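Engineer: Dock chain A against the given chain H, drawing on the hints supplied.
2 protein chains.
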Amino acid sequence: MSSSKLPVLYSYWRSSCSYRVRIALNLKNIQYTIEPVDILKKGQNCTKFRQVNPMGKVPALLIDGHTIVESLNILHYLEETQPNHALMPSDVYQRSKVREVCEMIQSGIQPLQNVGLLSHLESIAGKDERLKWAQHWINNGFRAVEKQLATYSGKYSVGDEISLADCCLIPQVFNAIMYKVDLEQYPTILRINNELVHHPAFYAANPLNQPDCDKLKNKTDS
Amino acid sequence: MSSSKLPVLYSYWRSSCSYRVRIALNLKNIQYTIEPVDILKKGQNCTKFRQVNPMGKVPALLIDGHTIVESLNILHYLEETQPNHALMPSDVYQRSKVREVCEMIQSGIQPLQNVGLLSHLESIAGKDERLKWAQHWINNGFRAVEKQLATYSGKYSVGDEISLADCCLIPQVFNAIMYKVDLEQYPTILRINNELVHHPAFYAANPLNQPDCDKLKNKTDS
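From first to last, the protein sequence lines are chains H and A.
At position 97 of the first sequence (counting the first as 1) the number is 84 in the working numbering, and the numbers step up by one without a gap.
At position 103 of the second sequence (counting the first as 1) the number is 90 in the working numbering, and the numbers step up by one without a gap.
Bound-form chain H, shown alone (with noise of 0.2 Å):
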């Protein structure tokens, strides 16, 4: 396959939801090529992208000749159009284990703490309510997280294989640090984010591994 004919995926390093299709592109041992799309500077490649996507969001997959957009939807998409190295159990409880990981993520803490909301907010309430607030969602979200994966996880989120559950946990982790989140209080977070961050599929997801990382700016400041 030429290099030209290999997925796109548009990306922003610190985006969490990037950071997710990134680990599962690895895990799945698929090929591809980044495309860093600077969501907050909203300069030139913002303007190319919207011509990809016009919703202007990352993260977007260019694959199979369609954009695919919406974290979760790419990694259903995947699961569904290259099953090996399957990150979905086949078993379907267990499956819907998976499936609940994933939402109280995706739905119940990611939302609350990104950049676009965070800024609205210091709009209304000032810049100090910035980081109280992203604290408090995802402390909100990882204590209920916590709860559920201390019932059933296993070496990683869902018993003992990597599943779409770990895809959304460790990115949401990375935030949380960012946000300086005592962690400490989420003893099954934490072995799984140990078990899994120096993954070689995980570690070369890591924003901080990113080719459009900015090392040098305020991680907590946005």
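Just so you know, the hints here were simulated from the structure itself, not pulled from any lab data.
None of the values given here were measured: they were computed from a predicted structure.
Treat each hint with caution, since some may be false.
Which copy is meant is left open, so a pair is good if it fits within one copy or across any two.
What the hints assert, rightly or not - Below 20 Å or equal to it, Euclidean Cα-Cα: the simulated SDA-like pairs (lysine to any residue) are: (1) LYS119 / SER106; (2) LYS167 / GLU67; (3) LYS134 / MET42; (4) LYS134 / TYR80; (5) LYS167 / THR54; (6) LYS119 / GLN69; (7) LYS167 / HIS123; (8) LYS167 / ALA131; (9) LYS119 / GLU109; (10) LYS(-8) / SER110; (11) LYS119 / LEU105; (12) LYS142 / PRO174.
Structural biologist: Only chain A this time, still in chain H's reference frame:
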């Protein structure tokens, strides 16, 4: 099947996530009993409910000897275990469009305007911000949903078959009306809503037709 063996849906009438599940159960002709849980009052039935779902969140579906939680997870569990009256297309790309609409609402709109978040916002920024905030995020999300639906909707959200996308869209429109959002800005959303709101499965699932609905409450207050 005796009624004691029917699935039990723990539901709150004005919870749009409960509404999604009620629609899907109706569309699939699955008989079920409703157990109303007043998540705002935190009374006796809430304490009892925590034995079923320790998270204390609705919806929760007791089915096949399991408690399934998180609304989209429930929808997909039903789709996988009771595939009759399919609510997902068979084509992988069309499936991705259905999941895209669901995720735009489930992650991009609903969590930003739910009661828990608005109460927390009120404690920081005052009561006057609640309605403005809800309208801001519903409009922000609906602009994107409208743009996408304008390109790929048919009679319904994705093509000419009712899908999980519609199970998410119609409840979000209900919330938008509750929060006095001007829907004339979203002609495609409005058209699909008008198509479906009187459909028997949607009508029976409507918050105002639930046994626990208190029609005298101020619908914009929480």
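Engineer: If the cut is 20 Å between Cα atoms, do LYS119 and LEU105 qualify within a copy, between copies, both or neither?
Structural biologist: both (10 Å within a copy, 16 Å between copies)
Engineer: Please sort LYS119 with GLN69 into within, between, both or neither, judging by C-alpha distance up to 20 Å.
Structural biologist: neither (41 Å within a copy, 43 Å between copies)
Engineer: Can you give me the call for LYS134 and MET42, within, between, both or neither, at a CA distance of at most 20 Å?
Structural biologist: between (35 Å within a copy, 8 Å between copies)
Engineer: Could you figure out if LYS167 and ALA131 sit no more than 20 Å apart (CA to CA) within one copy, between two copies, both or neither?
Structural biologist: Classified as within; 19 Å inside a copy, 32 Å across copies.
Engineer: Could you figure out if LYS142 and PRO174 sit no more than 20 Å apart (CA to CA) within one copy, between two copies, both or neither?
Structural biologist: The answer is within: 13 Å in one copy meets 20 Å, while 49 Å across copies does not.
Engineer: First find the shortest C-alpha distance between LYS119 and SER106 inside one copy, then the shortest across copies, and answer within, between, both or neither for a cut-off of 20 Å.
Structural biologist: both (13 Å within a copy, 15 Å between copies)
Engineer: Tell me, please, which holds for LYS134 and TYR80 at an alpha-carbon limit of 20 Å: within, between, both or neither?
Structural biologist: within (18 Å within a copy, 35 Å between copies)
Engineer: Checking an output row: LYS167 and HIS123, CA cutoff 20 Å. Within, between, both or neither?
Structural biologist: within (11 Å within a copy, 28 Å between copies)
Engineer: My question is about LYS167 and THR54: at a cut-off of 20 Å on alpha-carbon distance, are they close within one copy, between copies, both, or neither?
Structural biologist: neither (35 Å within a copy, 34 Å between copies)
Engineer: One pair to classify: LYS167 and GLU67, alpha carbons no more than 20 Å apart. Within, between, both, or neither?
Structural biologist: neither (36 Å within a copy, 39 Å between copies)
Engineer: At 20 Å max between alpha carbons, let me know whether LYS119 reaches GLU109 within a copy, between copies, both or neither.
Structural biologist: both (11 Å within a copy, 15 Å between copies)
Engineer: Using 20 Å as the alpha-carbon threshold, which applies to LYS(-8) and SER110: within, between, both, or neither?
Structural biologist: Answer is neither: 43 Å inside a copy and 52 Å across each miss the 20 Å cutoff.
When each numbered hint is compared with the structure, violations occur for hints 2, 5, 6, 10.
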